[in-house]
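Quick mapping for you: the protein sequence lines, in order, are chains A and B.
If you're matching positions, the first sequence starts at 69 in the numbering used here and goes up one per residue.
If you're matching positions, the second sequence starts at 69 in the numbering used here and goes up one per residue.
One should not assume that every hint holds.
What the hints assert, rightly or not - Calculated pairs, SDA-like style, for lysine to any residue (alpha carbon to alpha carbon, straight line, at most 20 Å): (1) B/Lys127 to A/Trp136; (2) B/Lys79 to B/Gly173; (3) B/Lys127 to A/Lys81; (4) A/Lys127 to B/Asn209; (5) A/Lys127 to B/Val195; (6) B/Lys127 to A/Lys79; (7) B/Lys81 to B/Asp169; (8) B/Lys127 to A/Glu150; (9) B/Lys127 to A/Asp169; (10) B/Lys79 to B/Ala228; (11) B/Lys79 to B/Ile92; (12) A/Lys127 to B/Gly173; (13) A/Lys127 to B/Asp169; (14) B/Lys127 to A/Gly173; (15) B/Lys122 to B/Gly133; (16) A/Lys127 to B/Arg137; (17) B/Lys79 to B/Asp169; (18) A/Lys127 to B/Gly133; (19) A/Lys127 to B/Gly134; (20) A/Lys79 to A/Trp117; (21) A/Lys79 to A/Leu216; (22) A/Lys127 to B/His135; (23) B/Lys127 to A/Glu126; (24) A/Lys122 to A/Gly134; (25) B/Lys127 to A/Arg137; (26) A/Lys79 to A/Leu227; (27) B/Lys127 to A/Glu183; (28) A/Lys81 to A/Arg189; (29) A/Lys81 to A/Asp184; (30) A/Lys122 to A/Pro143.
Read the hints as simulated data drawn from the structure, not as lab findings.
There are 2 protein chains.
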Amino acid sequence: MSTPMTKSSPKAKVTTPTDREIRIERVFAAPRDRVWRAMTDPALIAQWWGRGNKLVIEKFEPTRGGHWRIVEDGPEGVNGFEGRFREVTPPERIVQTFEWDGMPGHVIIEHVTLEDLGDGRTRIVNVSLFHTTEERDGMLNSGMEVGLNESYAALDEVLARMDA
Amino acid sequence: MSTPMTKSSPKAKVTTPTDREIRIERVFAAPRDRVWRAMTDPALIAQWWGRGNKLVIEKFEPTRGGHWRIVEDGPEGVNGFEGRFREVTPPERIVQTFEWDGMPGHVIIEHVTLEDLGDGRTRIVNVSLFHTTEERDGMLNSGMEVGLNESYAALDEVLARMDA
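From just these sequences and the hints, can you work out the full model?
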């Protein structure tokens with residue numbers, strides 16, 4: 069069920085600006101409004117977030133104070149993820165919490181910015197802030213980059229299929 | 069609806085061990101098992117957590133990965149609080165997240181330890197870790213100490229009423 073385009077898709081740039089942060093940057097070949105829709109419409113999220121794994125989007129309320137919860141059913145088993153929206157400013161900014169059921173109570177703050185590059189392309193910048201360096205390093209060592217690039221490759225495909 | 073014993077009850081010791089933490093310490097005249105019950109039984113929590121305000125305990129699942137949500141209806145209005153349990157080790161340790169609806173997505177990690185003082189008394193130590201110093205200072209400047217001491221005074225009363 070892996071995404072065939074993974075290998076040919078550009079890789080996200082992953083850096084560590086501080087000892088409690090991970091910064092992810094990736095350009096997509098679609099205008100910002102389209103990227104925004106793909107990131108906030110549950111029917112579209114279901115097509116890329118799980119990298120081909122079955123997803124159940126149990127809750128997705130993209131508004132300040134709203135909650136989200138997604139359960140992924142893949143070869144590694146069933147994994148739940150959830151969080152809450154701190155800020156939702158269409159079409160440019162989402163700040164939300166992120167928590168994996170496997171480490172309940174370890175909460176990441178994701179600051180996601182969509183930059184309109186003015187030529188029909190959009191840059192997603194995602195800065196994640198952790199409570200501790202240990203939690204940050206645990207995420208870096210979890211194989212997150214592989215999953216991230218697979219999700220983004222699937223997002224490329226969804227964006228290509230969407231109407232402008 | 070304020071608690072009449074507030075003025076005569078001991079005040080909690082509040083310190084700031086690091087620039088992202090608040091440490092709260094308070095001794096209670098009850099054995100540890102009794103304090104544990106008062107802190108984990110919703111029917112008992114309802115008697116002290118709200119300092120006399122009406123409480124609705126919508127969810128309280130004190131187990132790893134469980135959620136909690138309490139809505140307080142007081143003179144300042146309706147305020148919801150929620151979080152998730154990271155660790156629940158009876159009768160000595162709870163680690164949980166804490167979030168106020170008024171600042172959704174700003175998540176505090178509370179490390180609560182119950183120390184058996186061996187003479188029928190119990191010390192509660194609560195170390196809260198914030199993502200940023202600004203959030204920590206916002207909490208310190210919110211009047212939290214007044215509410216905290218009112219809650220603890222009400223907890224004194226609940227503990228005195230409970231069977232040993």
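We went through each hint and held it up to the structure:
no.	hint	in the structure
1	B/Lys127 to A/Trp136	holds, 17 Å
2	B/Lys79 to B/Gly173	violated, 30 Å
3	B/Lys127 to A/Lys81	violated, 40 Å
4	A/Lys127 to B/Asn209	violated, 34 Å
5	A/Lys127 to B/Val195	violated, 31 Å
6	B/Lys127 to A/Lys79	violated, 42 Å
7	B/Lys81 to B/Asp169	violated, 26 Å
8	B/Lys127 to A/Glu150	holds, 17 Å
9	B/Lys127 to A/Asp169	holds, 18 Å
10	B/Lys79 to B/Ala228	holds, 17 Å
11	B/Lys79 to B/Ile92	holds, 10 Å
12	A/Lys127 to B/Gly173	holds, 16 Å
13	A/Lys127 to B/Asp169	holds, 18 Å
14	B/Lys127 to A/Gly173	holds, 16 Å
15	B/Lys122 to B/Gly133	violated, 27 Å
16	A/Lys127 to B/Arg137	holds, 17 Å
17	B/Lys79 to B/Asp169	violated, 27 Å
18	A/Lys127 to B/Gly133	holds, 17 Å
19	A/Lys127 to B/Gly134	holds, 17 Å
20	A/Lys79 to A/Trp117	holds, 16 Å
21	A/Lys79 to A/Leu216	holds, 9 Å
22	A/Lys127 to B/His135	holds, 15 Å
23	B/Lys127 to A/Glu126	holds, 18 Å
24	A/Lys122 to A/Gly134	violated, 23 Å
25	B/Lys127 to A/Arg137	holds, 17 Å
26	A/Lys79 to A/Leu227	holds, 17 Å
27	B/Lys127 to A/Glu183	violated, 39 Å
28	A/Lys81 to A/Arg189	holds, 16 Å
29	A/Lys81 to A/Asp184	holds, 18 Å
30	A/Lys122 to A/Pro143	holds, 10 Å
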